[in-house]
Structure formats: structure tokens, C-alpha cells
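Colleague: So the chains spell out like this:
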Amino acid sequence: MLKRILSLFRNLFRKRAIEQALDDELRSTLEALIQEKIEQGLSQSEARREALMEIGGIEQVKEEVRVVRAGHFVEVVAGDIRYALRQLRRNRSFTAVAVLTLALGIGGTTAIFSVVNGILIQPLPYSHSARLVEVGLDFPGINQFNWPLSPLEYVTFREQSRTFEDIGLYYTGFGGNLYSANVTGFGRPEHVPALGVTDGVLSILEVTPLLGRSFTRADVEPGSPDTLMITYGYWRTKFGGDHSAIGTTIDIDGKPSRIIGVLPQRFRFLDMTELGILLPLKTQSLRGYNYFAVVRLKPGVTPAEANADVARMIPMELDRPVEFFKEARVTPNVQPLKQYIIGDIGKVLWVLMGGICLVLLIACANVASLLLVRVDGRQQELAIRGALGGSPGRIAGSLLLESLVLAVIGGALGLLFAYGGLRVLVALAPSDLPRLNEIAIDGLVLLFTVGVTIVAGLLFGAMPALRYAGVRAGTGLRETGRSVSASRKRHRARNALVVVQVGLALVLLVSSGLMIRTFQALTHVQPGFTAPAEVETFHVHFPPEMIKDPERLLRLDQAILDNIAAIPGVSSADFSGAVPMDAGAESDPVLVKDHMLQGQLPPARRCFWVSPSFFSTMGIPLLAGRDLTWNDILNKRPVAIVSENLAREYWQNPSDALGKQIGGSPKEWRQIVGIVGNVHDDGTSQEAPATVYWPVTDADVFLGSPAFALRSTRARTESLMNEVRRAVWSVDSDLPLYQVHTLDYYYTKSMARTSFTLVMLALAGGMALLLGIVGLYGVIAYAVSQRTHEIGIRMALGAQKRDVLKLVVNGGMALTVIGVGVGVAGALVLTRFLSSLLYGVKPTDPPTFIVVSLVLTGVALLACYIPARRATKADPIVALRYE
Amino acid sequence: MGQKRTDLLRGTLDLLVLKALSLEPLHGVGISRRIAQITKEAFQVSFGSLFPALHRMEERGWVEAEWRSSDNNRRAKYYRLTSAGRAQLKAEERQWNQLVMIMAAAVKST
Chain A
1 MLKRILSLFR NLFRKRAIEQ ALDDELRSTL EALIQEKIEQ GLSQSEARRE
51 ALMEIGGIEQ VKEEVRVVRA GHFVEVVAGD IRYALRQLRR NRSFTAVAVL
101 TLALGIGGTT AIFSVVNGIL IQPLPYSHSA RLVEVGLDFP GINQFNWPLS
151 PLEYVTFREQ SRTFEDIGLY YTGFGGNLYS ANVTGFGRPE HVPALGVTDG
201 VLSILEVTPL LGRSFTRADV EPGSPDTLMI TYGYWRTKFG GDHSAIGTTI
251 DIDGKPSRII GVLPQRFRFL DMTELGILLP LKTQSLRGYN YFAVVRLKPG
301 VTPAEANADV ARMIPMELDR PVEFFKEARV TPNVQPLKQY IIGDIGKVLW
351 VLMGGICLVL LIACANVASL LLVRVDGRQQ ELAIRGALGG SPGRIAGSLL
401 LESLVLAVIG GALGLLFAYG GLRVLVALAP SDLPRLNEIA IDGLVLLFTV
451 GVTIVAGLLF GAMPALRYAG VRAGTGLRET GRSVSASRKR HRARNALVVV
501 QVGLALVLLV SSGLMIRTFQ ALTHVQPGFT APAEVETFHV HFPPEMIKDP
551 ERLLRLDQAI LDNIAAIPGV SSADFSGAVP MDAGAESDPV LVKDHMLQGQ
601 LPPARRCFWV SPSFFSTMGI PLLAGRDLTW NDILNKRPVA IVSENLAREY
651 WQNPSDALGK QIGGSPKEWR QIVGIVGNVH DDGTSQEAPA TVYWPVTDAD
701 VFLGSPAFAL RSTRARTESL MNEVRRAVWS VDSDLPLYQV HTLDYYYTKS
751 MARTSFTLVM LALAGGMALL LGIVGLYGVI AYAVSQRTHE IGIRMALGAQ
801 KRDVLKLVVN GGMALTVIGV GVGVAGALVL TRFLSSLLYG VKPTDPPTFI
851 VVSLVLTGVA LLACYIPARR ATKADPIVAL RYE
Chain B
884 MGQKRTDLLR GTLDLLVLKA LSLEPLHGVG ISRRIAQITK EAFQVSFGSL
934 FPALHRMEER GWVEAEWRSS DNNRRAKYYR LTSAGRAQLK AEERQWNQLV
984 MIMAAAVKST
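These protein sequence lines are chains A and B, in that order. Numbering-wise, our numbering puts 342 at position 342 of the first sequence, and it's gapless, one number per residue. So the number in our numbering is just where the residue sits in the second sequence, counting from 1, plus 883.
In case anyone wonders, no lab produced these hints; they're calculated from the structure. A quick note: this is a predicted structure, and the numbers were derived from the prediction, not measured. Mixed in with the good hints there might be a few duds.
[As the list claims (entries may be wrong)] List of simulated lysine-lysine pairs, DSS-like, C-alpha gap at most 27 Å:
hint: 1; chain 1: A; residue 1: K62; chain 2: B; residue 2: K960
hint: 2; chain 1: A; residue 1: K548; chain 2: A; residue 2: K255
hint: 3; chain 1: B; residue 1: K923; chain 2: B; residue 2: K973
hint: 4; chain 1: B; residue 1: K902; chain 2: A; residue 2: K37
hint: 5; chain 1: A; residue 1: K636; chain 2: A; residue 2: K593
hint: 6; chain 1: B; residue 1: K923; chain 2: A; residue 2: K37
hint: 7; chain 1: A; residue 1: K282; chain 2: A; residue 2: K255
hint: 8; chain 1: A; residue 1: K282; chain 2: A; residue 2: K298
hint: 9; chain 1: A; residue 1: K37; chain 2: B; residue 2: K960
hint: 10; chain 1: B; residue 1: K960; chain 2: A; residue 2: K15
hint: 11; chain 1: A; residue 1: K62; chain 2: B; residue 2: K902
[Unchecked claim] So these bits of chain A aren't anywhere near chain B, every CB distance computed over 10 Å:
hint: 12; residue: G79
hint: 13; residue: R86
hint: 14; residue: R266
Glycine residues also receive a C-beta, built at the ideal position from the N, C-alpha and C atoms.
Turn these sequences into a full structure, and let the hints steer you where they fit.
Modeller: Structure follows, in C-alpha cells:
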């Protein structure tokens, strides 16, 4: 065996020497034979003739020897590849079109697959990540789902669970405010994105710090010294990567805290992209349902078992009112951490993956069609090869190999396309696309590309190879030269390909058409506010301990508000707990005094805490009653404003709601003083929630981290923002502005997924249309070129240009109409998968189907008309002489 | 050479070549002549079969080749049995004898 392998290498790499030796051997054999014949008394020339006859053809003997040699198969394949490359080089325009088509298809598929891979397939970047789950609570009784935990559950679950290895709480912020802290006392004062964690979190994720240590139980004990950990990125920018950062004390929101550890570079907390510092969550200071929980399950425990375990523990919590339990029906919500992070983006991604696969199919059909033309043109060459002893299998094999070589070149270029396309794609992707930073061309993606390339090569290579198998050597040779009017059979394969292409293109165009209709429907929904591009919003963050002095916070907020309202060009300004559509507003139970039902929890309503002028700034219309006033705020008068749909729900006529009493608890009733328009706070694709607007002074927490908003035609200009910053800093020079966005940003963001899907599907649809039409055009143009002779005869016999035009165009349109029919049938089945992404339009929307079919037919008509016109221009004399 | 004789030869060619080389190293023509001689002119091995067989056996290590001057001072490639080749010859002879005995018995039994 070893010998055989050695000779394989010798044969492959010392080919020339071995060929030389074989040549020498045969020549010496010939000479020996001649010598022998001469000794038998033959003349020199006779001896030579006899000797040659006895050997039986030197070249044939050589070939026989080559066949038995090791590595013969490799040589044959290498020869075929060389031959294929020569063929491809000779036919440059064909090669360029085929390679480009394939590169588009394979590149697109690779790019989308790397997104699918990075987001849906790859495990989370934590070891044994399958054992990580997110634990939340559902309150189906009050229609609230996937709530974070309160410290009560944390302690209970930590002490009582049978399925958890460990549980950790983390805190990312309250309402619309991402958790963050002011860092002072070391270099420039900064506002840094922060994450609060209990001691369990990092060990659950199995993260070892790059430097220093992780949090321990001691760091979260009451009264322990303040500590923090910093991320790698923050360590590099703030400390220049200096190891002495460990042990340094910096001020976090005014409290001196010691840096105990630096996280490794590749550390990512779930899906948070910007994170500077990690602060310990001190258990005794935790309040309310604000803390998300990450859990490492014991080995072999399934999320369903953990769910049952949590259900067992919920009744163990002692200090929660029993009625609340019964009414809210507290149930556990345990889901794999990966599922929790990626959410429902899978639907969009699989649709895109399906779409791009259709494009690849169209590309393959195009190349197959091109190859069929080439095989037709090469029938003579193939017939000669057959006649010279090439076995049909061997020749079909070499045709298939040619296709594979084409596929590999296309695949390599496609990989380059994918690399470039991926950057564009990531830039285009909506910011809520999870795991964006994990998208890359990795080993699995490469494997996928190789697989797709081979499958594509076999797919479009099979047709010409099979086609050859149908052509017997004899018939090929006989069918030389002039081919009379092309037989129908000859075009059947290509016609079928065109039908498939047109059909697939139609499916993709209908899909993107439906997305366009969805986008239209979304933009036609009135969001509830006006001219959002003119509303500039930003958050500020006062040190948390100031919350004990709400009077002072309110004074500071008012001072800032007065300053920004005084900026020239600002027509209105306010501050509130959240901005519409920023996902920051909460839902809380709201009681209605004249609609109290005994023993039943009031339904949760969307709640905003706002200052006066909130509605005029956002452009939310006041339908009845009045806005809040500073008099209400400063004197803490019990007032509230509700949305139209809430008023209608209880009192039918909105203005009848005025003067009615509502409240967050039975002890605090407030009078409704105004009714405002509905706002689609959950995005335009969702119903506008029934909403209550409380005076901002009702929730001190929002005084500490308010969202300011101002309406101005100068919004989005740098000069306005500079004036706004000066206005804020004249109140407190250490106060950074963050989350600076226009209201339009949140509005656009709420449609980001739809527009992303739309753009991607439209791209795929455009590619499909282009490739499909190029395919149709190619088939018609080729048919015309084949029929030049026939058309010449027709015209010589008196056919008018119109007749010729009709003849050619009809041929193409027949294919198109069948293709459209097939496509409509396919689309009716396939668009069902889109239905969850659609809004305001059915998957079988007739206008979309009709318009797309018409457009496709129109473009196809053009693709047929051009070659048809060329055919009519043919001079009968020239046409008859053609070939 | 008829079809039947070629088939017979294909099965026995290796054995004949090994046998031909068992006395002394020979070149291609020499092997051809020796096979004709030991089979009493019954087999004429074509060079189209002989050379592929020789090269295959060389790759298997049964024979070794070297360039030498022949009797009349021409250079020729001589093939020589290796020890593996001798072992192979023995094995093939034994198999052949078995086959002959079995076949002879079978033919006689009818």
C-alpha cells in the first residue's frame, strides 16, 4: 500500500521523467525488434515495418501503460480540468456571464447564510450555553408577559430551587433609560453605560476576568466597600490598557469605588454592544420587578423541568398579597437564553434565506441554459471525441467537470461578493437585530458555500451532461453544419428552464411587492404624533442618591426645561419618563372609580409620567379638557389625562370621561382633566394601547433621569444641539446628555424590521427579475439566431416584418405566460410563510399579484421584442447564405 | 488471437511473466520471446498487454527494472524478479496447480 502511494506521488510529480523513461523503453524495444528482424534476413525498411506492426502502435502501448499506473484517475481529472479551463478561456463572454451569474447567486446565499448562522445557528459565546436560561414571570390575569423578577423571587429561587445550579440577577435600566453612571475622579468626567450584576452572573456565564477578580458574595453584602469591574474596551480607552487600573479608585455617581477586575476582550453580555462598567447589585437595595435573571441549569435539566420547578416555588414567596396571585395568575416563563436573545427574528431570516435560495436557483437555471447552448454548438466536437474512443460516460463526466470548474470559479468570486455584501448587510440591518457582532464568515459558512457551489455545479451541469447522453455519436456526426429549423425537442429543456425562471422571479417579486404594501400600510397609519422629525429628545442622569431630594431634582429639571424652551426656534419643550415609541413606557394596573369590580384586578394600562407641554411638544392632539399645568405639578393636584381609546372604553363618549376618577391604587384617586389622541406606542403595526398620563412628580425616579423633548424646525442641526448642551450645562456642568435622538428616530426604528425585510426581499426580487429576463432574452435571441435561415426563407416567400415579429414574440410570450402561471401558483403557496411579517395586506393580495404579473410580462415582452426586431432586419439574401 | 485465448491469457499473464523472469533478467522483447518459447509458441503476448503488466508489477514491487547494455551493445530496460516477486511466483504457481487439479477432476467426473 505504501509503495502504491509512493508511486502515486512519483507518477504525479515526476511525470516528465517517467514519460521520458517510457518513451526510451519503447524505442529500445522497437530497435531490438528491428535488429531481430534484420538478423532473420529482412531488409532495413521491411524489418522496421514488421517491428512496428508487432508492437501495434507505440502511442497506444504508452496509453495502455499510463492507464495501469497509480494516479491515472487523478491525471485524467487534472487533464479534464485543464481542458475545461482552456474551453472557458476560449469563450470569454460566456464564461464572464456564467461566472458573474453564479457569483451573484452563491454570494447572496452565502451572505444571508452567514447572518442565519451567526444569529440562529451558532451557540452563544459562553461555555455549555445550552444550560443557560432566562427566568421571567407571566401575569396572564392582567395580560402582562415576560416580566423581570423582584428581589423576592431571587432569594426564593436561589434558596429553594432543585433544578438551578446558580441564579444571577442583572439590571439594565428602568423604563426607557439604559442603566448608566457618571464616572468622575479619574480623567474627564463621563457618562458610561453600566450593567448591574449579582455575584452569580459572571460565574454562571463562566467568564474569567482578564485581570483581577470577579464579584463575590462579599461585594454585594450590605455595607461592603463599593467595587466595580470594567470592560476591556473601557480599560483600553480610559486606562490605556495599564495593569495598574486594578485597585484604582474612581467615583461612580459620586461614590468612590475600587476597580477589582477587567473583563476579557471577547466578553459580551448577552446582546449589549456598548458597556463600560459592571457594578455589583447590592441585594438589600433591590426594589420591584426590575431585575432580569439568568440561570445555569444543573446538567441534564430541560427548560421545561426548570419551568415546573419555578411553578413549584412561586407559592413559597410569602410577602406578596394572595389576591394578587390569584388574579394575576403568576406563572413562570423559563426560556433558553439564546431564544430569549434572538426573539422572533428567525421568521424574517428564514424568509430571506428562502428568497435568496430562489435567486440561486434562477442563477443556476440561467447557467444551465447557457451551457445547453454551448453543448448544442459543440455536438460535432463531442461526436468526434466519441468516435475516437471517448466513452459516453467519460465525455458526460468531463462535461459535468466543466460545469463544476465553472461553479468553483463562480463560488470563489461569490465568496468575495459575500464578504463585501455582508458589510453592507450589517450596516443596513435594523439595530434591534440581535447578535449582530457575531455575524462572520466562519468555518460553517465556508462549508456551506462549498456545498452550495458543488450542488449548484451538479444542478446546472446535469442538464448538458444528460443532454449529451441523449446524443449518440453517429447522430452527432451526421448532423453536421447547417441545422435546419430547430426541432422543438431541441429547445424543450431550455424552454422549461425559462418557465422555471419566470415562475421563481414572480414568486420573489410578489414577496417584495407584499412587503412594499406592508410598508405603505405602516406609513399610512397615523402614529398619533405629528412631524416627529422636528422633535429632538435626550436623557440626562442625576446621581441616584439625589432621588432622596425630589424637590431639588424637580427644580433642576425645571431649570433645564426653562433654558431649552428659551432657545430661539424652540416652540415647545417638556420632560417625561419616556418618549413615545422608545419602548420605555410601562404598563401598570389602573383603577377606575365608577367601574370597580369586586375581587378582580384592574387591567394594566400604558402609563407615561409627563410634564406640562408634553402633548404640544410631541404633537399629540388634545381632544377635550385641558393639558396639565405647572400649577398641577407644583401643588401636586390629583389630576390625570387619558387617551381617547381608554375614555371610549369606559364612557363611550370621550368627553364624558372628564371629571371621572382613576388611580393607581384605591387610596389615591385622580380626576381626569383632559383627553388626548391615541398614540401607537408599540409601533404602527400594533394597536394603540389605552394610555394614562400622570403628572411627572408622581414618580420621583423619572425626576432623576428625565427624557427631555423640544420641538423646533432646527431639530437635527448641530447648532441647535450645541445650544441645548449649553442650556443643560448652565444648570449642571457635569451633566452629560445621552440617548440623543429625534422622535422620528424611534418612529423609523419601530418599522426597521419591516424596512430591512423589504430592502432585502426587493434586492432578491430585483436580482431574480434581472436574471430571469436575461435568461428569457438569451433563449429568444438564440432561437432567433438559429432560425435566421428559416426566417430568411419566410421573408423571401413574402412574409411581412409584422409576421416575423409576431412569430418570435409569440414564442417568448407563450413561455412567459406559462411561467407567470406557474409563478402565481407557487406564490399562492409560498407567500403564506410571509404572513407573520405582513401588515394590512393579505398574502394573496390580488393587486400585488396582478401588478407583478403585468410588470413581469411587460419586461418579458421587451426581452422578446429586441431579438425579434433584429430578426426582421435580416436581409433574406444574407439570411439564406448564413452558416 | 481469439477472444477466448485473450481471456485465458489475462488471468495467467502475470504468472507467465514472473515465470519468464525467474531464470534471468530480460528486456521486453526477451520476455515476449521467452513466453513464446516456454508455452511452445502457444501464446504470443502483445506488447500492448505486456508493458502495462510489467509496469503494474513494477509498482507492486514484484519486479525491478534497470537500464543495461544488451548482447549487441544496445541499451535496453531489463526487468528482474525481486524477492517479493519470487514469493508471488510461488503463490501463483500453487494457485494454478490447485486450479488445474480441481478443473481436471471436475472435467474427469463427467
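Colleague: The structure should be examined with respect to each hint, and the outcome stated for every one.
Modeller: Structure-based check of all given hints:
no. : hint             : result
1   : A:K62 to B:K960  : 15 Å, holds
2   : A:K548 to A:K255 : 15 Å, holds
3   : B:K923 to B:K973 : 22 Å, holds
4   : B:K902 to A:K37  : 25 Å, holds
5   : A:K636 to A:K593 : 20 Å, holds
6   : B:K923 to A:K37  : 20 Å, holds
7   : A:K282 to A:K255 : 14 Å, holds
8   : A:K282 to A:K298 : 26 Å, holds
9   : A:K37 to B:K960  : 19 Å, holds
10  : B:K960 to A:K15  : 18 Å, holds
11  : A:K62 to B:K902  : 24 Å, holds
12  : G79              : 19 Å, holds
13  : R86              : 29 Å, holds
14  : R266             : 53 Å, holds
Hint compliance for this structure: no hint is broken.
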